[in-house]
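Enquirer: Line by line, the protein sequences give chains A and B. Going by numbering that gives the first Met the number 0, the first residue of the first sequence is number 0, and it counts up by one from there. Going by numbering that gives the first Met the number 0, the first residue of the second sequence is number 0, and it counts up by one from there.
Derived by calculation from the structure, the hints in this document are not laboratory data. Mixed in with the good hints, there may be bad ones.
[Said to hold, decoys possible] Restricting the straight-line Cα-Cα distance to at most 30 Å, the calculated cross-link-like pairs of lysine-lysine (BS3-like) are:
no.: 1; chain 1: B; residue 1: LYS46; chain 2: B; residue 2: LYS158
no.: 2; chain 1: B; residue 1: LYS315; chain 2: A; residue 2: LYS159
no.: 3; chain 1: A; residue 1: LYS166; chain 2: B; residue 2: LYS252
[What the hints assert, rightly or not] Calculated Cβ distances over 10 Å to all of chain B for the following chain A residues:
no.: 4; residue: GLY26
no.: 5; residue: THR130
no.: 6; residue: VAL132
no.: 7; residue: THR157
no.: 8; residue: GLN232
no.: 9; residue: GLU242
no.: 10; residue: MET263
no.: 11; residue: ALA265
no.: 12; residue: PRO328
no.: 13; residue: ASP341
no.: 14; residue: HIS378
no.: 15; residue: ASN411
no.: 16; residue: ILE416
no.: 17; residue: GLN444
Note that CB positions come from ideal geometry on N, CA and C, so glycine has one too.
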Amino acid sequence: MATKVIMPQLGESVVEGTVSRWLKREGDTVNEYEALLEVSTDKVDTEVPSPASGTVLKIYVEEGETVQAGVLLAVIGEPGEPIPEADEGGTQDHHGHGGNGSKQEPQPVAAPAKAMATAQSSGSGYTGHITPVVARMVAEHNIDLSQIKGTGRGGRITKKDVLAYLKQREQGDVQDLPPWEQPGDGELFKPTDSFAVQTKAQPAPPPAKPVAPAASPAPPSPTPQGTPGELVQLSNIRRAIAEHMVRSKLHTSPHVSTIFEIDMGAVLDHYHATKPIFAKQGVRLTLTAYFMAASVVALRENPYINSQWTDEGIYLHHAMNIGMAVAIPDGLIVPVIKNAQDLNLMGLARAVTDLAERARNKQLHPDEVQGGTFTITNHGVSGSLFATPIINQPQVAILGIGKLEKRVKVINDAIAIRPMLYASLTFDHRVIDGATGDAFMASFQRVLENWRE
Amino acid sequence: MAQMTLIQAITQAMDEELARDPRVFITGEDVGKRGGVFRATMGLIEKYGPERVVDSPLAELSIVAIGIGAALADLRPICEIQFADFIHPAFNQIANEAARFYYRSNGQWRVPMVIRSPYGGGISGALYHSQSVEAFFAHVPGLKVVIPSTPYDAKGLLKSAVRDPNPVLFFEPKKGYRAIKGDVPEEEYIVPIGPARIAREGEDISVFAYGMMAYYAEIAAEQVAQEGISAEVVDLRTLAPVDRDAIRNSVMKTGKALVVYEDNLTLGYGAEIAAIIADECFEYMDGPVKRLAGPDVPGVPFSHPMQDFFMPNPNKIADAIRDLVAY
Chain A
0 MATKVIMPQL
10 GESVVEGTVS
20 RWLKREGDTV
30 NEYEALLEVS
40 TDKVDTEVPS
50 PASGTVLKIY
60 VEEGETVQAG
70 VLLAVIGEPG
80 EPIPEADEGG
90 TQDHHGHGGN
100 GSKQEPQPVA
110 APAKAMATAQ
120 SSGSGYTGHI
130 TPVVARMVAE
140 HNIDLSQIKG
150 TGRGGRITKK
160 DVLAYLKQRE
170 QGDVQDLPPW
180 EQPGDGELFK
190 PTDSFAVQTK
200 AQPAPPPAKP
210 VAPAASPAPP
220 SPTPQGTPGE
230 LVQLSNIRRA
240 IAEHMVRSKL
250 HTSPHVSTIF
260 EIDMGAVLDH
270 YHATKPIFAK
280 QGVRLTLTAY
290 FMAASVVALR
300 ENPYINSQWT
310 DEGIYLHHAM
320 NIGMAVAIPD
330 GLIVPVIKNA
340 QDLNLMGLAR
350 AVTDLAERAR
360 NKQLHPDEVQ
370 GGTFTITNHG
380 VSGSLFATPI
390 INQPQVAILG
400 IGKLEKRVKV
410 INDAIAIRPM
420 LYASLTFDHR
430 VIDGATGDAF
440 MASFQRVLEN
450 WRE
Chain B
0 MAQMTLIQAI
10 TQAMDEELAR
20 DPRVFITGED
30 VGKRGGVFRA
40 TMGLIEKYGP
50 ERVVDSPLAE
60 LSIVAIGIGA
70 ALADLRPICE
80 IQFADFIHPA
90 FNQIANEAAR
100 FYYRSNGQWR
110 VPMVIRSPYG
120 GGISGALYHS
130 QSVEAFFAHV
140 PGLKVVIPST
150 PYDAKGLLKS
160 AVRDPNPVLF
170 FEPKKGYRAI
180 KGDVPEEEYI
190 VPIGPARIAR
200 EGEDISVFAY
210 GMMAYYAEIA
220 AEQVAQEGIS
230 AEVVDLRTLA
240 PVDRDAIRNS
250 VMKTGKALVV
260 YEDNLTLGYG
270 AEIAAIIADE
280 CFEYMDGPVK
290 RLAGPDVPGV
300 PFSHPMQDFF
310 MPNPNKIADA
320 IRDLVAY
């Protein structure tokens, strides 16, 4: 029997994805777990493994198309096997929009929203919440909930409603779902049944963050005419970065920066002594781990840096979820080390290495790039001495680490050669005043210059 | 078959067990000459003599301690605690000694003892004559806890309790002593400790209860049946060990569960039933598990309006059923 490949739900709040590239074509053979296609969301790009071994019989969703999680993308099976036909035009509704991805600005938000509205209006007053027993029956009987009229409180679909519907269906009063709407087979993180069911069950939530910057209009930027050049298509991630930067710097936070110079001698002594010890335990120690550790101490001493502006007041986060900016070929991504305050140097080193590697290999889960409360960007690795990065909203500060190099330093009126770097804190002046920002940096500097563990 | 009250069935059970086994004896406050404060042991001292129906001092600790000693000496004591409210001085004997003796002696010693006690509110008994104490004891491994709601079960379960090799707490819904009547066969029978009783079959909702609340739940189920709601009533009968299969089977059928108990809501026995349902029946639930119980106040109030406020009753149960069925 043919196996269906469906759009996986890549994170809690990620309800749709764009097929950015098919790694296999129709007629190609593919092995189970072999990468089959690349999917991009506004958070990350990721490869989707094949849920089965076989031949790619049919691809329903072309590159560039954005579809809801749970939508049938392709079918894998034996050559000659019958496959579900998506020829009734109705599939367009479920696939978002047609294959216009390469032409001009895609409308990834609007199209699924429309499909959703149709589903709701054709249905039932369905409130979006279902009970466990209804969820189970939906899965067992391949039920489209929009076909059922709920009689429970607030239009909730009850077990009785489902039983009545099933009885009707047995008598042939309603039609089965077309094959491409039925859930595929598989397991996590292969595209799965439960994802499909979940999606059908909860059509309501809108995408967490629109990809197109509707909220903060940037000035129009027409394509130059008559000037020799070439147009590079905007990737989702590029678009998201652009939107975010404009929103953060121009529409949200008044940015101010302060710069400290830090003597890294103590850290480097410790680093060289400790690196081989950590290596024996399979942990790659990097200086970033020290910056994380020092940030934890400095954030604890200066809690306003680990906060967020709200209309009601300044929200001080108890968890220190520290993001670290990682350059990737398409742009920039900021995986987050959750609860960094609970980790020692080894734990931080392990987390830093793991997240950075997976960021570069496109293996991050969208949840891993969300929920940050503070960010570190180590721009020194590309030679930069100091920089004034843009705050990662809704955070209020970002720490920039410059290039580490030996510099001449006057100590006790003698000229010394010391390993130095510039570190900058760029902060949101709505929340943080200069003195607070400097206090944070003084803490950060004190921890690093007096490092011992 | 004879119609009798709950308390008549209890008296009859003790009478038959006293006659059946010479090792059985009764002790407690006023159980002898006075025949018990509720008349549960009426006529027994005349029939079996003061050595087998023994008036005790006003000291619950010693009533239970004497029972434990006698049970270890291979007698079959039935200890009566006049009101469950007064069982607390004996808690140490029950929880620390009776419950654990078998385990502590690596199976060499058993405590085949029954502790009978009337419990529950709604009789204007106020703080010291209305308490529900079953949760304390159902919590302790090594104890069996039984609460009947019909004369048939009261007789059959009490006879099982007397014959059980373990300590059994047998709590009797005192409001139902004379209010609840039912058929009891002439011939000898027992009701095994453990299985629950499906008091009424239904499709839309399961109501779990015991004691007076099981009796009320049946009345409530009858009320809502007029409105087309089919409520299943499960009388748990044995609280420890509880009949998980019966709970599961009922909830898997109906998808909705209401647990009724007259003890204070928080950490009452019904909380465990709710937990079992949440744990074992999640994928069958068509609504949240609901509890209807007494409020978390220090006592069942004496004032009648306040007592009514405290106690679950058929109308409150019917309302809770309607509410959950509509979910």
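Enquirer: Each of the hints needs a verdict: does it hold here or not?
Expert: Status of each hint after checking the structure:
1. Restraint check for B:LYS46 and B:LYS158: the C-alpha separation of about 18 Å stays at or below 30 Å, so the hint holds.
2. Taking the CA atoms of B:LYS315 and A:LYS159, the gap is about 25 Å. The hint holds against a cut of 30 Å.
3. Between the alpha carbons of A:LYS166 and B:LYS252 the distance comes to roughly 17 Å, so the proposed pair stays at or under 30 Å and holds.
4. Annotated as non-interface, A:GLY26 keeps its C-beta farther than 10 Å from every C-beta of chain B; the closest such distance is 41 Å.
5. With a least beta-carbon separation of about 5 Å from chain B, A:THR130 fails to lie farther than 10 Å from that chain, contradicting its non-interface assignment.
6. Listed as a non-interface residue, A:VAL132 fails to keep its Cβ farther than 10 Å from every Cβ of chain B; the least gap is roughly 5 Å.
7. Not every C-beta of chain B lies more than 10 Å from that of A:THR157, the closest at about 6 Å, which undercuts listing it as non-interface.
8. Residue-level check passed: A:GLN232 sits 45 Å from the nearest beta carbon of chain B, beyond 10 Å.
9. With a least CB separation of 41 Å from chain B, A:GLU242 remains clear of the 10 Å interface cut-off, as annotated.
10. Taking the minimum C-beta to C-beta distance to chain B, about 54 Å, the non-interface status of A:MET263 holds against the 10 Å cut.
11. With a closest Cβ-Cβ approach of about 54 Å to chain B, A:ALA265 is found to remain outside the 10 Å limit, as its non-interface label requires.
12. Listed as outside the interface, A:PRO328 is consistent with that label: its C-beta sits roughly 44 Å from the nearest C-beta of chain B, beyond the 10 Å cut-off.
13. At roughly 30 Å from the closest C-beta of chain B, the C-beta of A:ASP341 stays outside 10 Å, upholding its exclusion from the interface.
14. No Cβ of chain B comes within 10 Å of the Cβ of A:HIS378; the nearest lies about 50 Å off, and the non-interface call holds.
15. Even its closest Cβ contact with chain B, about 68 Å, leaves A:ASN411 beyond 10 Å, as expected for a residue assigned away from the interface.
16. Residue placement check: A:ILE416 keeps its beta carbon more than 10 Å from all beta carbons of chain B (closest about 67 Å).
17. At the 10 Å boundary, the C-beta of A:GLN444 stays outside the reach of chain B, the nearest C-beta of that chain being 52 Å off.
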